[in-house]
Amino acid sequence: MPDLVLGLPLADTNFVDATWIMIVKSLVIFIVILSLVPLLLLGERKLLGRFQQRYGPNRVGPYGLGQPLADVGKLLSKQAFRPKGAVPFLYEIAPALTIISAVLTLAILPFGDVQGDVGFYGIDVPIGILYFFAFSSIAFYGLLLGGWASGSKYSFLGAMRSAAQLISYEIAMGLSLLGVVMMAGSLSLVDIVKAQGEVWYVVPQIVGFLIFLVGGFAETNRPPFDLPEADAELVAGYGTEYGGMRFGSFMFAEYMEMLIVSGIASTMFLGGWMGPGPPGLDPVWMLLKMIVLTIFFIWIRATLPRFRYDQLMSFGWKILLPLATLNVLVTAVLVVVT
Amino acid sequence: MEQVAFFVGAIGALGAAFAVVIVKNPFYSVLALVIHLVFLAGIFLLLMAQFLAAALIVVYAGAVMVLYVFVAAYVGGIEEPKWDSSPELRIVGPILAVALFIAISIAVLGSGLSALGTPGPDDVPAGFGTPEAVGHLMMEDFLIAFEAASLLLLVAAVAAIVLAGRRREDRKKQLTGGEGA
Numbered sequence: 001m002p003d004l005v006l007g008l009p010l011a012d013t014n015f016v017d018a019t020w021i022m023i024v025k026s027l028v029i030f031i032v033i034l035s036l037v038p039l040l041l042l043g044e045r046k047l048l049g050r051f052q053q054r055y056g057p058n059r060v061g062p063y064g065l066g067q068p069l070a071d072v073g074k075l076l077s078k079q080a081f082r083p084k085g086a087v088p089f090l091y092e093i094a095p096a097l098t099i100i101s102a103v104l105t106l107a108i109l110p111f112g113d114v115q116g117d118v119g120f121y122g123i124d125v126p127i128g129i130l131y132f133f134a135f136s137s138i139a140f141y142g143l144l145l146g147g148w149a150s151g152s153k154y155s156f157l158g159a160m161r162s163a164a165q166l167i168s169y170e171i172a173m174g175l176s177l178l179g180v181v182m183m184a185g186s187l188s189l190v191d192i193v194k195a196q197g198e199v200w201y202v203v204p205q206i207v208g209f210l211i212f213l214v215g216g217f218a219e220t221n222r223p224p225f226d227l228p229e230a231d232a233e234l235v236a237g238y239g240t241e242y243g244g245m246r247f248g249s250f251m252f253a254e255y256m257e258m259l260i261v262s263g264i265a266s267t268m269f270l271g272g273w274m275g276p277g278p279p280g281l282d283p284v285w286m287l288l289k290m291i292v293l294t295i296f297f298i299w300i301r302a303t304l305p306r307f308r309y310d311q312l313m314s315f316g317w318k319i320l321l322p323l324a325t326l327n328v329l330v331t332a333v334l335v336v337v338t
Numbered sequence: 339m340e341q342v343a344f345f346v347g348a349i350g351a352l353g354a355a356f357a358v359v360i361v362k363n364p365f366y367s368v369l370a371l372v373i374h375l376v377f378l379a380g381i382f383l384l385l386m387a388q389f390l391a392a393a394l395i396v397v398y399a400g401a402v403m404v405l406y407v408f409v410a411a412y413v414g415g416i417e418e419p420k421w422d423s424s425p426e427l428r429i430v431g432p433i434l435a436v437a438l439f440i441a442i443s444i445a446v447l448g449s450g451l452s453a454l455g456t457p458g459p460d461d462v463p464a465g466f467g468t469p470e471a472v473g474h475l476m477m478e479d480f481l482i483a484f485e486a487a488s489l490l491l492l493v494a495a496v497a498a499i500v501l502a503g504r505r506r507e508d509r510k511k512q513l514t515g516g517e518g519a
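Quick note, the sequences are listed as chains A and B, same order.
Position one of the first sequence corresponds to residue 1 (this note's numbering), numbered consecutively onward.
Position one of the second sequence corresponds to residue 339 (this note's numbering), numbered consecutively onward.
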């Protein structure tokens, strides 16, 4: 019998807790991740400073810890400005779209198994990883509408680049996860973590892991794949005409997506919540893995220069895609044979 | 609750579908199609077809429509001037449209809508609409149709590449005055 979510027969989910638990869970996940994002911003600037042999922000509060608050305060207090050539409604809704889809994706990240009456995740859907891809494709419309509706050439070019980049890398990314899905025999993220009891999938699926990471960099528009907002040529790409908290929303969504991609990578390849210690520590392990991967993102940003556009395209289509397909083929044969 | 969700989905999907046809700017037309797909996915969810809903969003909204938006944003964006149709077309067009409508109505009335008056199945089997169920259908019951479709798509993709490649060679010949290439 399918479970009912809020009285609706909205698809079946594997485990559903009481409605009030769901609401509390959503709030907890939302607040934790949302407060992680400003810290991440600060951490990135601090780390980048160290990588580049300078201090990074250290004026606001002890060790510069007040910097994110100051930043957000600044962004919030700015005038909500719209350029003359912008398309009214679309210009405003674009940042909201990106941030909403990012927040919605948080729901499927598992931070632990069912303990007592509470599942340590938003929802456990059988379509699992497809949910992630569905919302990341909606997030793309945020970027595209933002770029198109700004009525500026830089924004438009940035949006077009992000469109091309997203299509190219999403395929390789999806294929890279297929190996894991085949080994676990399920799309549900909770089941996939449970299937990694003996060995984390990063060992047998190392190729898939690497492809997913590269694709993740491209999906989140992070350097060295930040062509959509390449500041040397496009000012700030799709975000050029945005100011105040609308710009802040784009930034926020980017960092949240970075956390989500890290979360998906830890779930699919790094054993998710698995780690030594009592089950109560599960969410801590998951968060730790996410943060370590995110720091890896920052490290790469400090290390590698930006790709040229044709390099980006040929790398995606001519190297990553065949490699991912080969990985799927080999995995399929091995899964059937063993 | 279920009815409310259905009507929200249905009105949204129909409204967006009308907008696709009515709106003059091709870019908005494509956007309306995306909105239509999202509402349609919602209706699929109500029908417990979750895999279908996700596939609809990932494949259509996420890939196919991105290409449409891409083209519309590059080429379109300007309002199309009203197209002056020839007098013959003005007569033939509506006739064909009505004929198509009648044909589709017959097909729909003959098949899908026959279940409308009935309460429908009380109990949806567990696991209905999950990727597993759809996968079993595609890989066991309808394997040949599935493979034939994928072969067809492959042929289409190869053909598109060949056609695009040939045009590029022609252009190169023009540029170099018929030599080389």
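Quick caveat, the hints were computed from the structure, so don't treat them as lab data.
Check the hints yourself; a few may be wrong.
[Unchecked claim] Here are the computed lysine-lysine pairs in the DSS-like style, where the Cα-Cα straight-line distance is at most 25 Å: (1) Lys25/A with Lys78/A; (2) Lys46/A with Lys84/A; (3) Lys84/A with Lys362/B; (4) Lys153/A with Lys25/A; (5) Lys153/A with Lys511/B; (6) Lys84/A with Lys74/A.
[Stated by the list, open to error] Now the in silico label distances, taken between C-beta atoms and shown as ranges: (7) Lys74/A with Leu481/B: 41 to 51 Å; (8) Ile21/A with Ser443/B: 39 to 49 Å; (9) Ala332/A with Ala495/B: 49 to 59 Å; (10) Pro425/B with Leu326/A: 50 to 60 Å.
In this text, a Cβ means the ideal position worked out from N, Cα and C, and glycines have one as well.
Hints versus structure:
1. Lys25/A with Lys78/A: violated, 33 Å
2. Lys46/A with Lys84/A: Given pair lysine 46/A, lysine 84/A is violated - Cα atoms ~37 Å apart, limit 25 Å.
3. Lys84/A with Lys362/B: This hinted pair holds, its Cα atoms lying about 22 Å apart.
4. Lys153/A with Lys25/A: violated, 43 Å
5. Lys153/A with Lys511/B: violated, 32 Å
6. Lys84/A with Lys74/A: The given pair, whose Cα atoms are some 23 Å apart, holds under the 25 Å limit.
7. Lys74/A with Leu481/B: 41 to 51 Å: violated, 60 Å
8. Ile21/A with Ser443/B: 39 to 49 Å: holds, 48 Å
9. Ala332/A with Ala495/B: 49 to 59 Å: The hinted range 49 to 59 Å is violated for alanine 332/A and alanine 495/B, with Cβ atoms some 22 Å apart.
10. Pro425/B with Leu326/A: 50 to 60 Å: The hint (50 to 60 Å, Cβ to Cβ) holds, given that proline 425/B and leucine 326/A are roughly 59 Å apart.
Checked against the numbered hints listed earlier, the structure breaks hints 1, 2, 4, 5, 7 and 9; every other hint is satisfied.
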